[in-house]
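So the chains spell out like this:
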Amino acid sequence: MKRYKIIVVLIGLLPIALIEGCQKFITVDPPVTQLVSSSVFESDQTALSAMNGIYGTLQGPDGFANGGTQSVGFLTGLSSDELTNYYTYPDQIQFYQNALNKNNNTLYNAFWVVPYNCIYDANSLLQGISGSTKISSAVKRELTGEAKFIRAFCNFYLTNLFGNVPLITTTDYNVNANAFRANKDSVYSQIIADLTDAQSLMAGDYSFSNGERIRPNSWAATAMMARVYLYTGRWKDAEGQATAVINESDQYAMVSDLNQVYLKNSNEAIWQLMPNAPGLNTNEGSVYILTSEPVYATLSPELVNAFEPGDLRLQNWVADTIIGLDTFYYSFKYKVKSSETLTEYSMVLRLAEQYLIRAEARINQDNLNGAMEDLNVIRERAGLPLISILDKSTLLSDVVHERQVELFTEWGHRWLDLKRTGRANSILSIIKADWQSTDTLFPIPQGEIQKDVNLTQNPGY
Amino acid sequence: MRSKAFYTLLCTFVIVFILGSPKTLPAQSGDRVTLSVENAPLQKIFSAVEAQTFYRFVYTNEQLKDGKPVTLSVVNVTVQTLLKQCLQDQPLYYSTEDKFIIIHRKEKETKMNPVDIMGTIKNDKGDPVSGASITVLETLKTTTSDAEGGFALKQVPPFSTLIFSGTNVEGSQIILHGQQSLSVTLKAKVSKLDEVQVIAYGTTTRRLNTGDVSTINAETFAEQPVSNPLSAMEGRAPGLIITQNSGTPGSGFFVQIRGQNSISNGNDPLYIIDGVPYTSTSLTSAFSSGIVSGGNPLSSINPSDIESVNILKDADATAIYGSRGANGVILITTKRGKPGKTKIDLNSYFGVGQVDRRLKLMNTQQYLIMRNEAFKNDGTTPSLANGDYDLLSWDTTRYTDWQKLLIGNTAHIADVQLGISGGNENTRFNLSGGFHRQTNVFPGDFADQKGSGHFNLNHNSQDNKLKVDLSLTYAVENNNQPQTDFVYQAMYLPPDAPSPYDSAGKLNWPPGFDNPYRYIQQKYQAKTNNLISHLVLGYNIIPALQLRIAMGYNNIQMNEMQNSPTTSYNPAFNVISGNSVFSNSGLETWILEPQIEYQKKLGPGKLDVLLGATAEQDTRNAVTEYASGFSSDALLENIGAASDILVLASSFSQYRYEAFFGRLNYNMNEKYILNLTGRRDGSSRFGPGKQFANFSSVGGAWIFSKEKFGKNLFPFLSFGKLRISYGTTGNDQIGDYQYLSSYSPTPYTYQNMSGLIPTRLYNPDYAWEINRKFELGIELGLLNDRIIFSASYYNNHSSNQLVGYPLPTITGFSTIQQNLNAVVQNTGIEFSLNYSLIKSTSFNWNLSANLTIPNNKLISFPNIEETNYNNLYQIGKPLSIYKSFQYLNVNPQAGIYQFLNSEGKATLTPVYPDDLKAVKNVAASYYGGLQNNFQYKGWHLDIFFQFTKQAGWNYIKNYLVAPGMLGNQPAVVMNRWMKSGDVATFQKYTQSFDSAWNAYFFNSAIFGDNAVGDASFIRLKNISLSYSFPVSTTARLKMQNLRIYLQAENLLTISGYFGLDPENQSNVLLPPLRIITAGIQITF
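First to last, the protein sequences are chains X and B. Counting from 1, one number per residue, gives the positions in the first sequence under my numbering. Counting from 462, one number per residue, gives the positions in the second sequence under my numbering.
In short, the hints are calculated from the structure, not lab data. Don't be surprised by glycine CBs; every beta carbon is placed ideally from N, CA and C. Warning: the hint list may mix true and false statements.
Far from chain X, some chain B residues (derived; all Cβ distances over 12 angstroms) [to be verified]:
#1 Glu656
#2 Thr742
#3 Thr841
#4 Phe896
#5 Ala908
#6 Ser964
#7 Lys1062
#8 Tyr1204
#9 Gln1212
#10 Tyr1223
#11 Phe1274
#12 Asn1415
#13 Ile1505
One side of the interface only, derived from the structure: several residues of chain B facing chain X at Cβ under 7 angstroms [said to hold, decoys possible]:
#14 Gln826
#15 Glu1119
#16 Met1214
#17 Gly1216
#18 Pro1219
#19 Leu1268
To give an idea of the interface, some chain B residues facing chain X are shown, with a C-beta separation under 8 angstroms as derived from the structure [as the list claims (entries may be wrong)]:
#20 Gly880
#21 Gly884
#22 Tyr1211
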């Protein structure tokens, strides 16, 4: 019995002794599966991982930049005159019918959550690396540039889809939770400031992505800047930025074979996103290419009929499948529907757009010859007759038309062009039964207005 | 201040402990005797033993005639030791049967002629026992005792065994030794008030408890053929709400004790199984748990292993659990062995299950009318571009009852339990194993299979100083289900949808048809291994002082797998490789609880002091991977065969918890009882400086029926007690590490490299939620405790609310944890009644009922107007309110729903949030249960009704598509607006996203109060009919007990609810099934 006594007493005392170290016992180590924020910015490697996280979010399955059915290219293709819908999912039908509900979840996730998450992540990274002493200065410069570029890129789409949007530049939730919608001009000022910084900070080559064109470099910032100046009517600046990219002929050139434009690291690519969905190449290839009845969408008759006779782009970038008596047209810019071996990347910025930007900027500065030269670069590759002396307004509508057939199903160019050139009402009211002029701006997601009382709704919703 | 009070309490304990060192041995009760006699007759010794122990002697004076007087002196020896000494030189020996010691003569027991015997039966209070049955085992002759307890049997073989049984006494056996007259004492069955109640770190009885505890015992579990013990607890205890989310085995439950205390954190009670805290949250992965709606960790507990479930509700009962007791505590105790003959128990049942309620949906004709009218209303025509395959491409003459096809099958249930238990006064054991299998009502072959083993061992050393109590439970569950609940498809698919199979017997894929049978191939499998072990070592240093150490270990491992073969996808999507989701998660808990308990008579009463400490650690880990690129569908279960693996989630968390606790209980003459508890808690869930807090309670009971005036004033009362308690508890159900800001790996890689994304904002400032509980209760026994009634009133205030304060997404996050100075109040009245209406020899009728009237209120919420909560809550109203547009009617001109705006005028376009003027409380206003037990001879019939009066979400809230769009609707939706001037229940059909759709989707389903309807129900939850064969039969079969039974669960539901099932209120999850089983129980 004595023995029991001693054993029980000892066992009894053990945990008491253990608990004596109260504070110590209940202080647990941080989880091994997460990193405490401060430790992320203590090495180049983890800081680079934080940047990778942003690209992962940017083209995650919900995001506007993933090229698939949630992407800005696809959804605004439905809202404009590029695509005919075949999908029964109500969220998607709302885009097609220009009858967006303010509770549309796809709109919220793709066009609001993902860009604002990327902006927060970029802000957090900017804050983290600016306070860090352990990150090498080269990585610091590059990541600061990339984060600012991504912030500008997201703000560009936010303001073009929603109009005035909250401008988020800090990680302080107390400030951000009560943000007001900033007017478009101040959003653009921030975009231009960020791109200017990005231009000066980032490398001019692709050394940070092992020579692959899958991270933006300073030329991507310049190309984006050209687009921003075009959208804001700063023609001279737009021309200047586009010229700078066009003149960087060591890295960028028009790819003469239309079937090779979207290959990975093609010479025309300024920035591509590397797909991360297993088993697929690009989402664009997966979603647009038809092998049987259409599931999601086909190219609209308006788009197919817009091509001039003999346009090589109609031959090479538009394909069809015939089922019974019906012919369904689809976008065939990307050639691979699904394959384990990656041969194509999702094209974000390419040289052809820069020629079109410069052409439009030159017309507006009355440099019609210069504009025609630029347009003819595009037309030549498309196998179309070159244009000669034309008046300014014809040229202006030519450039819009050229953009329609060159940039279709890419990044919402058509939708944004219709809006910024004031053509949306006249063109869409004819083909969309319930078109209203207020449909050019998407509704601010209702849940956000509930949570941030300072936000207001766009007219018409 | 609070910590000062705690130390004062602690000092008191210590002083009492030192001063109270014992000088004398307290009275023994159990199996030990202390005796000193000189030349005493045996009868005297036997009486002394009876006085000190629970043993009873069976002998005749005739037998003791030759016995010699005995001289001996023993201290604290076992009865066995004593009897050995007494009887060693006597012509006598003894045997034991249960608690009876039977004295035999050592004479040669030669065969003799049968004799006639007479006898009387008394209970242990000395009252005669009438109506008891006496059976002669050898001849199976049976008789019944008369009003004076007398009985007579003729022609009984002299050495036969007599079996005694009765409704108010415990059964017993006596072996005759030729005697012709007998005096038998049987132990009276204890009053319900004296049945053991398990409480925190100990036991008490309902009579002496100062706290509010409801007990559900093993019989309740035995009569219900359910696989999750929670299901058997529905409606059984006042203050406890349990709702089953789905009828699929292994699926989730909603459990709440006394209302919602926390605005946005866990409201789960604390579960403790055999002393080890058990998780309330399932280990199922968010990526693969759709079909089981989150799952429930108690699913792998075998209901047959449960001895009792005690629900601890007030501060007195829960404050000793400190920071975890705010939402009440559910103590589950598993079965223990009982001393006596080794028993083998075999119990098995088989049965079937079906969906109890179906919704009447439109047939093809009605459906086509709806669809075509919708186009007419919209002024357009169907087109394939609009996705109108149901009208343009499918055979519109087809009709399929999808509910019948997809959820109308029969589930099969099989259950086998085998147990062996027994032991003696020193060592007792219980060993049992069970198997349960239940299929589902979906098409395809799906089943949940569970196997479990349970072992329990109790040992007391010979000197009764050392005590060991070990319990081990190991359970394995293998749940195979489809990934998707077929209810959605059953409700949604248009009645003219094509056949799932083509003429060749393959899946049919006409355009626009999402073939529901593809989901048969998309499998979900969850395998759970669950070990629960608990060991208590106790040592009495001196009889009054026990040192205990309790150690527990719980390990749950869950492996989930979800396979989607290529053949389960529409070929048009061109899926070239199948995919699988693999999820492995584990939870390991250990707990160490040293305790000192001191029990002593002090002054006019008894003092019981408990001091203890807790150290606990929970470690959770989970990895979920998405695998694709399989070369063949046959390899989908092998992650190694996948060419692409994406880690969807990987998590690890550790929770540590420590506490010191104490309890002081003083019971004065079983009249006045005072109970004080205190606990100092530390938890790793809080940031530096916020980890510790103190909790305490005071409870008192006054048994006024013991007072002279009580007896005089209320002569009809056999028992009367008033209880009162007040105290504080806390809630720490907020997840681990919430104070740290963090980056986590993202499943979306870039450039083939892993990425990190911010996953939390830094926030060290939050602390415990504090719950102050007040309770007042009365418990009454009338008509000699035949009626036991209790009523309690509670008033709980939960403050310092930890709120995941919603943030707009522009901040990068959707919430941040904050302690808000908001107060939530839960009050309520609970009643329970147990009435033994008829109690006679052959017929018994017992009625028990419980009723709870809860009330929840948001008392204060500073600056609510400036927060996002303004649109959800209102001060002075329950948290369960729904601020909504007040529905008016269908506008006779426009044909769409109209509402009242903030000015009280009808509007077709109510404005959010200005017009949210209707406030509906979507919660139960009262609920309870009513049970009737009838017993006639060997027949038992138990009928249990569960009832809830509540408002709930109806079909409009849970709608799948708006009426007129592609998708079926309830047939009542035919009563719709068609033309100007119509007065209709439902608005006009629409198939476009126009104002009518907006009125349906936004104004009604999301914000309209017409989405709330009556969801009250009365459910015939359980019927159990059983027949126990009489001793005459069982004895012939060499069995102790043979019972056959029929049981039914959810047999009938009476409800006016608009929707599938008023309990789970879902259009996408299977309602609880109606189950009917037949079974047999054999005890050897």
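Worksheet item: Just checking, B/Tyr1223 versus chain X, shortest CB gap more than 12 angstroms?
Response: Per Cβ check, B/Tyr1223 is inside 12 angstroms of chain X; nearest 7 angstroms; violated.
Fill in: Hint status (Cβ of B/Met1214 to nearest Cβ of chain X, threshold 7 angstroms)
For B/Met1214, the interface hint holds, since the closest Cβ of chain X sits about 5 angstroms away, which is under 7 angstroms.
Fill in: B/Phe1274 non-interfacial with respect to chain X [C-beta, more than 12 angstroms]
Per Cβ check, B/Phe1274 is inside 12 angstroms of chain X; nearest 7 angstroms; violated.
Fill in: Given as non-interface: B/Thr841, which should sit over 12 angstroms from chain X by C-beta
violated (7 angstroms)
Practice prompt. Find the nearest Cβ of chain X to the Cβ of B/Tyr1204 and say whether that gap is larger than 12 angstroms.
Written response: violated (5 angstroms)
Item to complete: Just double-check B/Ser964 for me: nearest Cβ-Cβ distance to chain X has to come out over 12 angstroms.
Response: Given that every Cβ of chain X is farther than 12 angstroms from that of B/Ser964, nearest at about 20 angstroms, it holds.
Worksheet item: Would the least Cβ to Cβ distance between B/Ile1505 and chain X come out above 12 angstroms?
Response: B/Ile1505 is indeed farther than 12 angstroms from all Cβ atoms of chain X, at 48 angstroms.
Fill in: Restraint outcome when B/Gly880 is required to lie within 8 angstroms of chain X by C-beta distance
Status violated, d = 30 angstroms.
Discussion item. Minimum C-beta separation from B/Gln1212 to chain X exceeding 12 angstroms: can you confirm that?
Written reply: The assertion about B/Gln1212 is violated, with a minimum of 6 angstroms to chain X.
Fill in: chain X contact restraint for B/Pro1219 - C-beta distance below 7 angstroms
holds (5 angstroms)
Item to complete: Under 8 angstroms, Cβ to Cβ, is where B/Gly884 needs to be relative to chain X, so tell me if that hint holds or is violated.
Response: Cβ of B/Gly884 sits 20 angstroms from chain X, so the hint is violated.
Fill in: Least C-beta distance between B/Thr742 and chain X, which was stated to exceed 12 angstroms
B/Thr742 is indeed farther than 12 angstroms from all Cβ atoms of chain X, at 17 angstroms.
In summary, the numbered hints that this structure violates are 3, 8, 9, 10, 11, 14, 20, 21.
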